[in-house]
Amino acid sequence: MGHYMLKRLLLVLPTLVVPVVLIFTLLRLAPGDPAVVMLGNQATADQVAKLRESLGLDQPIYAQFGDWLGRLLHLDLGHSIFFPEPVLSTISDHGTVTLQLTLLSFALAVVLGVGGGMLAALYRNRAVDRIVMVLAIVGVSLPEFWFGLNLILIFAVRLQWFPVSGYVPLSEGLLPSMRSLVLPAVCLGMIQAAFIARLTRSTVLDVLSEPFVTTARSKGLPERIVVFKHIARGVLVSILSTMGVILGLLLSGAIAVEVVFALPGLGRLLVDSVGRRDYPVIQGVVLITSLTFVAVNLLVDFLYAFVDPRVRYE
Amino acid sequence: MGETVGSETTESVLDVENLTVTFPRRRGDLTALTDVSFHVRPGEAVGLVGESGCGKSLTALSVAGLLPSDCRVDGSIRLRGTELTALSRTERRALGGKEIGMVFQDPLSALHPVLSIGDQLTEGPRRHLGLSRRAARDRARDMLDRVGIPRTRNLLDEYAHQLSGGMRQRVMLAMALICEPQLVIADEPTTALDVTLQAQILELLRTTTMDVGASLVLITHDLGVVSQACDRMVVMYAGHVVEAGRARTVITEPRHHYTAGLMGAVPLPGERRRRLQTIAGTVPQLDRMPTGCRFAPRCGSADEACRTEPRLEPTDEATLVKCWHPLPRGRAVAAVLAAEERPAEGVSDAVPSEGPLLSVRGLRREFTSGPALRRKVVAAVKGVDFDIQPGETFGLVGESGSGKSTVARMVLRLIGATDGQITFDGGDLTALRGRALRRKRRDFQMVSQDPYGALNPRMTIGHLMLEPFRLHELGPASTWRDQSVTMLEEVGLNASMLRRYPHQLSGGQRQRVAIARALAPKPKLIVADEAVSALDVSVQAQVLNMMKDLQDRFQVAYLFISHDLSVIEFMSHQIGVMRHGELVEVGSPTDIYQNAQHQYTQELLSAIPPVPWATR
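Going down the list, the protein sequences come from chains A and B.
Quick note on the working numbering: the first sequence kicks off at 1 and runs consecutively.
Quick note on the working numbering: the second sequence kicks off at 1 and runs consecutively.
Incorrect hints may appear among the rest.
Below 30 Å or equal to it, Euclidean Cα-Cα: the simulated DSSO-like pairs (lysine-lysine) are [to be verified]:
#1 Lys-382(B) x Lys-524(B)
#2 Lys-7(A) x Lys-522(B)
#3 Lys-440(B) x Lys-382(B)
#4 Lys-229(A) x Lys-98(B)
#5 Lys-524(B) x Lys-440(B)
Rough simulated footprint, nothing fancy, chain A against chain B, three-plus residues with beta-carbon under 8 Å [unchecked claim]:
#6 122-133
#7 487-497
I should point out that these hints are in silico values taken from the structure, not numbers from a laboratory.
Even glycine gets a Cβ: it sits at the ideal position worked out from N, Cα and C.
Same shape as in the complex, but just chain A:
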């Protein structure tokens, strides 16, 4: 058990290095220059060169990287080129929104997805199954931006149940804040729910044909216990590992959703920063999201050891 965890922990560092190095070099190899963006078209070559120098962009890439890494050791992600604010605090401001959005849609996705998938499998080939699966197919194929716009049109513009867009911070109360996130969370979560439902259904069908399910039934246990204890535990083990991936998909889906719903989240920040070539912010966002993703998957691995004794005693 200890070894299992240690092994997973040791894998974290190399997993983080790849996206960070990639984004650092790609940004600098891509056309466009923050100095040019900042100074506008009228700027002289001299002015640009001066600004580049003050931003440290005239250094070779490896020197810039070393500099950035050095500051990273002090938990300093640098300053935004455009705003007089440390990257870390920008990220933590925007991060709260994304975190709220992601968790809400994750909960929605898991509850609807696992529930729907189990129902579909247990009532295989009946009406419930057909309905859930048709919805799931539709859900998997919906693009977030289109689905989001339609949600806004129906629930915000026509029915006026929710705000059209924008975010109400937590400081103005939990309920109003949540209300502003309902539509985005539904938009993001439903699509993942569709994916989870399909996965759960096929996993449950696999587990249903396992001999241990017959054993449980032969012991005279009521179907409710067979389903919620024996089958569910078997299914959980199989779908847990995909939960980390789902969270990753939610993080990337958040980019589109935040733009559609004008939420000041990390996705929105990233899109804006790319447009401005705000290198420090982009790097910071990529680092933090990769870190989150890796941490979540690490957590899933640990949970795995917890629910599956076969892993524990490996």
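We have chain A; now place chain B onto it with these hints.
Just chain B now, with coordinates in the frame of chain A:
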């Protein structure tokens, strides 16, 4: 003993009468069981015997109320007089565990992988007997003790994967018995276990079941198991009961041709020169049931009368037989054994003039496991030496984990050897690499245990048969198809197979295709790893006979691996007994079976279920 076989409602624990199970399908209903009747008295063990697809397990599931909800059950199932078919699904379900305990074939998959043993064992008593968690755990420890797991070995908090195979089956048995049911149904309880465990577990099943006062229904394909553990037996064929009676009577004097056929198909000790008796064809599929006597198409004695269905009727012996022409008394066993003698074997026992075809010296294979810093090295094969003469069979026998398959995979060069030499056909096999190795591969082929897994399900038999010809460029491409048909004919199939897919074939047919493919490049050696283990006994007999015939025709040598000692004896010229990665004894069948030197060999031999119908 003058007992009767008719039904006795009051006395019986279980009464099954005219049980018919139908699966409704759009293209017409499939009737899987037809008029199945038998009964089980208190304290009695009844064996349900037959090949797969004959309805044994389905009968068990019907009794236990575990059939899928879409099938129709007609007839009557009474447990201690209670009509089970009249109960609602929920009421029916509640009897499980409490009145009827089940033991399944493979305890690893039948136990829950992530629930602890204690959790699984206590569910029953907590539910049915209303025990508290602590009382239920106490009872579980008691029960484990009774099935031979002492209280000191506290495994309630362990999981199925941590236990050995025998231990798992003991847990399964404890689970079936823990509420002291009236009836225990064991479905092939020893089939997945090693041979030395089988006898032990069977004995335990019998004694502990009787101990808690339950009756036993034992489902098995193995007549030896029935003769060892059962008072009475019921032989099933194609969803019918074809013969029923006292186990000893039926086994020594079978009256139905199917029962006799099953017995003739089992390789007997010291009978390796005989051909095994086979039953032509296979068990019919549900949608292609013959009318009249269902066994008639496979029966040598069928005639006009067999076009109408016979009734299950008592003979003078108090044995019930469903046949127009039952085998006469007293001649039955003789008829079974009056099998055709094989012609003197080709190369067989003659002393080989040339050197060995395959020579293995000091073959060793290690696997590493465990975490990086505390890596453990486990030797799966610890220095094995043996020779295989051209055209001969070397039988490798041993229990699971003994290293048989690892040897096979090294000989096939599918995995490398840690140490040792493999000399094949005069050359060093371990030295071959890349192209040279690939070219050499046509001389040594393999047949694996699971013919369904070994044949690509998306390819037709025609395409599958072309592969070896294309791979090894055997003659001009224009002849490949004809050559494939010839090979199929060699294994008793024909050109009509070419357009079919593996799933459309029976298990035996698939294994024939696998053998035809292996034979196509005319190899000098075929490695057959448990090649007949997944087959039913009548089909196994067909394949074994065929493999011997092919050996005589093509002078091919076999490295024949099996856990089944009687099959090994039947097939082999030389036998090697493996244990814990070592070859503990090598010798001719006579040496091994009549004069075993090593204690382990003796142990293995004594674990073979008795064959009461054998003459010696």
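Here is how each hint holds up against the structure:
no. : hint                    : result
1   : Lys-382(B) x Lys-524(B) : holds (26 Å)
2   : Lys-7(A) x Lys-522(B)   : violated (49 Å)
3   : Lys-440(B) x Lys-382(B) : holds (26 Å)
4   : Lys-229(A) x Lys-98(B)  : holds (20 Å)
5   : Lys-524(B) x Lys-440(B) : holds (11 Å)
6   : 122-133                 : holds (count 4)
7   : 487-497                 : violated (count 0)
Of the numbered hints stated above, those contradicted by the structure are hints 2 and 7, listed in ascending order.
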